[in-house]
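There are 4 protein chains.
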Amino acid sequence: MNNNIQQTGNSIYPTSLISFRVRYAETDAMGVVHHSRYLPWMELGRTELLRQIGYSYRQTEENGFFFPIIEAYCRYHSPARYDDLVNVETTIKDIRPPYIEFCYQITRKSDGLLLVTGRTKQICLNKQGAVRREPLRKMKEILDSQKGKH
Amino acid sequence: MNNNIQQTGNSIYPTSLISFRVRYAETDAMGVVHHSRYLPWMELGRTELLRQIGYSYRQTEENGFFFPIIEAYCRYHSPARYDDLVNVETTIKDIRPPYIEFCYQITRKSDGLLLVTGRTKQICLNKQGAVRREPLRKMKEILDSQKGKH
Amino acid sequence: MNNNIQQTGNSIYPTSLISFRVRYAETDAMGVVHHSRYLPWMELGRTELLRQIGYSYRQTEENGFFFPIIEAYCRYHSPARYDDLVNVETTIKDIRPPYIEFCYQITRKSDGLLLVTGRTKQICLNKQGAVRREPLRKMKEILDSQKGKH
Amino acid sequence: MNNNIQQTGNSIYPTSLISFRVRYAETDAMGVVHHSRYLPWMELGRTELLRQIGYSYRQTEENGFFFPIIEAYCRYHSPARYDDLVNVETTIKDIRPPYIEFCYQITRKSDGLLLVTGRTKQICLNKQGAVRREPLRKMKEILDSQKGKH
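First to last, the sequence lines map onto chains A, B, C and D.
For the first sequence, my numbering gives the first residue as 1, with consecutive numbering after it.
For the second sequence, my numbering gives the first residue as 1, with consecutive numbering after it.
For the third sequence, my numbering gives the first residue as 1, with consecutive numbering after it.
For the fourth sequence, my numbering gives the first residue as 1, with consecutive numbering after it.
Each hint should be verified, as a subset may be incorrect.
Interface residues of chain C toward chain B, partial, derived using beta-carbon atoms under 8 Å [to be verified]:
(1) R23
(2) L44
(3) T47
(4) E101
Calculated Cβ distances over 12 Å to all of chain D for the following chain A residues [what the hints assert, rightly or not]:
(5) P40
(6) P98
(7) G112
(8) L114
(9) N126
(10) Q146
Keep in mind the hints are simulated off the structure, nothing from the lab.
Glycine included, C-beta positions come from ideal geometry on N, C-alpha and C.
With the sequences and hints as input, model every part of the structure.
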């Protein structure tokens with residue numbers, strides 16, 4: 001695999017930061033967090049990033065727009081463990097309606113150890129499953145108007 | 001993202017096929033399987049592929065060797081739904097000790113609809129976290145000796 | 001706690017049996033299956049029991065009826081481990097429309113070791129969240145007419 | 001089922017309160033949190049309650065003591081939804097070495113709506129799986145000495 005993860009810090013778009021403790025239920029028999037469990041953390045990061053720029057993903061769904069994941073990539077650098085405090089940094093990598101890409105950097109809060117980096121790509125659909133460009137065009141405009149304010 | 005998924009059918013290595021029903025607990029509020037839930041299905045596919053070529057991953061761990069995931073990539077083509085019968089085809093893409101890569105093709109059994117393709121890369125470690133090449137060298141030898149028998 | 005688990009074998013209603021292997025993703029850092037993971041297994045058991053008596057839970061939801069869980073009880077006797085083959089026996093304990101209760105017995109297939117017993121109670125609602133008695137009255141009639149055939 | 005949930009507020013032992021947002025990955029196709037997902041929230045509540053009285057469950061495991069769940073009971077009053085802010089109140093219901101029981105009350109933060117109440121019972125084991133009374137005797141002494149300070 002040859003995947004360059006864009007550093008979250010380099011994005012022209014805003015970055016969100018959330019912190020929380022690793023749950024016991026997220027570990028596996030190897031004694032560390034199961035690799036599938038980082039995807040829900042990234043989802044949590046996206047939700048907060050969108051809230052920060054004025055979007056409620058919950059409201060977006062209630063308005064009839066959905067953003068299913070069409071691609072996801074994770075690189076596991078070091079394992080997170082039960083009760084670790086972790087940071088999830090999320091940024092928007094690119095918006096090309098109907099697509100939006102996010103990238104993520106997950107670190108251990110105590111010492112900044114890099115745990116996982118990742119990317120996800122989503123597509124905007126309406127309730128009937130038809131591709132919709134407007135919601136992301138609007139988001140892009142809002143983000144462009146906010147540039148330099150971060 | 002630019003990720004070529006090698007077709008599982010093209011591999012020089014054996015392929016395993018497992019089938020099971022989608023669990024309700026694997027769905028999310030979008031009414032389809034949550035994107036993080038395909039990774040445990042791929043894990044299930046790996047376990048069966050290894051069993052098929054004579055390896056028990058459980059036994060391998062009991063012998064002190066672990067294969068943590070260092071990279072994972074998923075491409076979501078169509079969503080799986082509750083109670084769907086799904087097929088998971090798993091093959092070994094490459095073995096370069098201490099690394100092993102698997103690729104996966106997940107389809108709906110009723111009509112063959114492509115749901116998800118993916119790749120994972122793992123590294124062999126011992127209990128102390130030291131990199132170990134022997135277990136995969138041995139596996140590669142066994143697989144090479146079985147070639148043409150599949 | 002003082003909870004008598006009715007033996008699944010004593011029910012006047014039919015029993016379903018499903019078998020599958022424990023997934024790695026279902027284990028936790030204690031090296032055994034996480035206690036929350038048995039509930040989805042029971043759900044799988046219910047789905048198969050209903051299918052066996054001629055009901056598709058998926059179809060039931062598509063028809064606009066939902067059966068959210070209102071109570072769940074689990075007793076953990078012995079832990080299941082990764083790659084164990086397990087049996088889940090499910091039976092209907094009681095149907096008092098709009099309620100239905102199931103009970104479960106989860107055992108290790110290799111030696112019959114008792115792993116977990118449990119009960120769940122569900123209520124029938126329509127899409128608007130209103131309580132509905134008819135679907136379970138109908139199910140009870142069908143089951144009563146099948147009695148003695150099991 | 002006939003299960004009286006002791007009110008968390010009545011306990012002679014301390015109570016912990018944690019708050020967090022519901023993750024999308026915790027929902028199911030019914031559009032609400034899957035019933036199995038409340039158990040990891042209770043686990044999170046226990047971890048914080050123990051931390052509050054001076055215990056690190058992680059440290060306890062590193063010292064060779066484990067507290068597997070032997071019984072769990074949940075009563076589901078109202079469903080939690082994606083992005084809800086929820087409160088989990090945890091208290092110790094009883095300590096009778098080698099057993100400890102916790103009870104939980106999960107509410108929606110915005111309006112106090114009762115979502116789920118529950119109880120869990122755990123047993124203290126050492127690494128070899130032998131029952132151990134000392135760790136909970138010591139915890140009980142510490143808690144008794146703290147009484148009246150809450």
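Hint check results:
Taking 8 Å as the C-beta contact cut-off toward chain B, the hint placing C/R23 at the interface holds, the least distance being around 5 Å. With 8 Å as the threshold, the beta carbon of C/L44 comes within range of chain B, its nearest partner Cβ sitting at about 6 Å, so the hint holds. For C/T47, the interface hint holds, the least distance from its beta-carbon to any beta-carbon of chain B being 7 Å, beneath 8 Å. Checking C/E101 against chain B by beta carbon gives a least distance of about 18 Å; that is not within 8 Å, so the hint is violated.
Consistency note on A/P40: stated as away from chain D, yet its beta-carbon is not over 12 Å from all of that chain's, at 4 Å minimum. Look at A/P98: its CB is around 20 Å from the nearest CB on chain D, clear of 12 Å, so calling it non-interface holds up. A/G112, annotated as away from the interface, keeps every beta carbon of chain D farther than 12 Å; the closest lies near 20 Å. Non-interface call for A/L114 relative to chain D: holds, since the shortest CB-CB distance, roughly 21 Å, exceeds 12 Å.
For A/N126, the shortest C-beta to C-beta distance to chain D comes to about 17 Å, beyond the 12 Å cut-off, and the non-interface label holds. Every beta carbon of chain D lies more than 12 Å from that of A/Q146, the smallest distance being close to 22 Å; the non-interface claim holds.
The earlier numbered hints that this structure contradicts are 4, 5.
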